[in-house]
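Trainee: Chain B: place on chain A using the hints.
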Amino acid sequence: MSGCSSGSRQSSTSDACKEPAAKGSIVVMAASSMVNVLSDVEKTFLTTHPCVTGITYSYGSSATLATQIVNGSPADVFVSASEATMNTVKNADKTVTINVFAKNTAEIMVSPASRFASKITDVTSLSDSVNSGITVGLCVETAPCGTLANSIVEKAGTSRNTIADTESPSVEDLITKIEMGELDAGIVYHSDCKYAESRNVATCVVIPSAVNSTNGYYVAALTSRSIAQQYVDYINGSEFKSVLQSKFGFLAP
Amino acid sequence: MKQRTSPSLKVLAGIAAAFIALPLLSILVRTPWSDLGNMLSQKSTRDALSISLQTSIIAALISCAFGVPLAWLLARSQSRGLSALRVICITPMVLPPVVGGIALLTAFGRQGLVGRFLYDWFDVSLPFTRTAVVMAQVFVAMPFLVLAVEASFRQSDKGLEEAARTMGASPSRVFFTVALPAARPAIMAGLALAWARSLGEFGASITFAGSFPGRTQTLPMAVYELVSVDYRLSLVLSLVLILISVGVLAAMRDRWMVGR
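Those protein sequence lines, which keep their order, are chains A and B.
Position one of the first sequence corresponds to residue 1 (the numbering used here), numbered consecutively onward.
Position one of the second sequence corresponds to residue 254 (the numbering used here), numbered consecutively onward.
Looking at chain A on its own, in the form it has when it is part of the complex:
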């Protein structure tokens, strides 16, 4: 079944690629919480989209990437982890169409090496007044994961200043420092924590929904190239969404 359908698809798309402009590689700027997902589906996407000869990824905090895009950094697609950062790009270029394709919640990611591992039960247990000497990281306020963390610590009745010992420029940076054991814990995305937990490099403590918040993931084509639109269509498609939700723990938009 798959052989037949992919065969017919192959011939029709390779016809469409005959024009040199329709074929080439694309640059995708994406929120760092997307890194595992996008590298997971890259091969599948490239096989099913022969017009796209390669993808260059640039990962970072959505806020940093948005600034780079507004300042003229060449990119075909922007995948952001918040509406606000996507709007930064849209405000600079009104022709951009944005689409939400997933949601995420937050979780407390705990280093297995931490001596506080068994004592971290909720958001307030991250503060020094509950666990003296605990070292906790949050994303910077400007990054979507930092905005998310802010709303959570406030709902939990504490503050960023009480909890955080350091701020990471992006969620990837934060995760690395927890995995290295340099931080005891941090507030990261549910999807990232699940991925780390599956590799046994971290444990996750659920934040109850009364305290938790969600963020949306948005995608937009930044150029009018057809191959950029193909990538955006793939991200918005049901196949990608099912991978996101079943394999990586994202929520439906």
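Hints are all accurate, no fakes.
For lysine to any residue, the following SDA-like pairs were computed, each having C-alpha atoms within a straight-line distance of at most 20 Å: (1) K90/A x V480/B; (2) K296/B x E141/A; (3) K296/B x R160/A; (4) K119/A x D376/B; (5) K296/B x S159/A; (6) K103/A x D40/A; (7) K411/B x P438/B; (8) K90/A x V482/B; (9) K90/A x Y484/B; (10) K90/A x D483/B; (11) K296/B x N161/A; (12) K119/A x Y372/B; (13) K411/B x W325/B; (14) K119/A x D373/B; (15) K94/A x E83/A; (16) K411/B x R426/B; (17) K43/A x S246/A; (18) K247/A x V35/A; (19) K296/B x T162/A; (20) K43/A x Q245/A.
Calculated directly from the structure, the hints in this document are not laboratory data.
Mentor: Only chain B this time, still in chain A's reference frame:
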């Protein structure tokens, strides 16, 4: 007597000078002068400035206290393997600072080679503290001082040291009463260089010490973070850093003019 310079060389030199001067002047032009006082008095600005000044001065002094003896050893010791030691000691000068930050984490982090014992035995956790900021600055800045002072020790008059020694002065007395005073200008220059380098440190610090406003966030880190949030304030902080840098060079102008 005035020397003649060829016109084509003048053009190339002019382009080189303009390329360096233009970006620096652009910051002056774009700086929101009317809001300057207001922006400089903001708590976040004052915090970053005071952390920067405090850590960089301590880092320069530590670099001096340990770097001068190291320079002396490199200049005078006959031991084998000394050239390898020199290469290792000045590597941070050419190393991307972020690599230095990772190196510091692997050595002094809570899971690091040394840091693990500090944490397990003494409950000392270095990363993400103000101490870590200073350590990162010393790591990148000390080599500048070592190199400047070592060169001076090498050029200094060995005859004087020899004379002192034959008159019965101990090695440490030779160092403190003969060699050290002779190297004073180089030590001052090394101090200034190490201080300026510490003040500008970013890569190693943000990796090893993190960036937290009011605790570990220095001026360069604040500039980096503000670029995407408050561009005007990042310009003001950049201006402060430029003025300090120019100030250091101006204070050391005698040093740079040597040989003219």
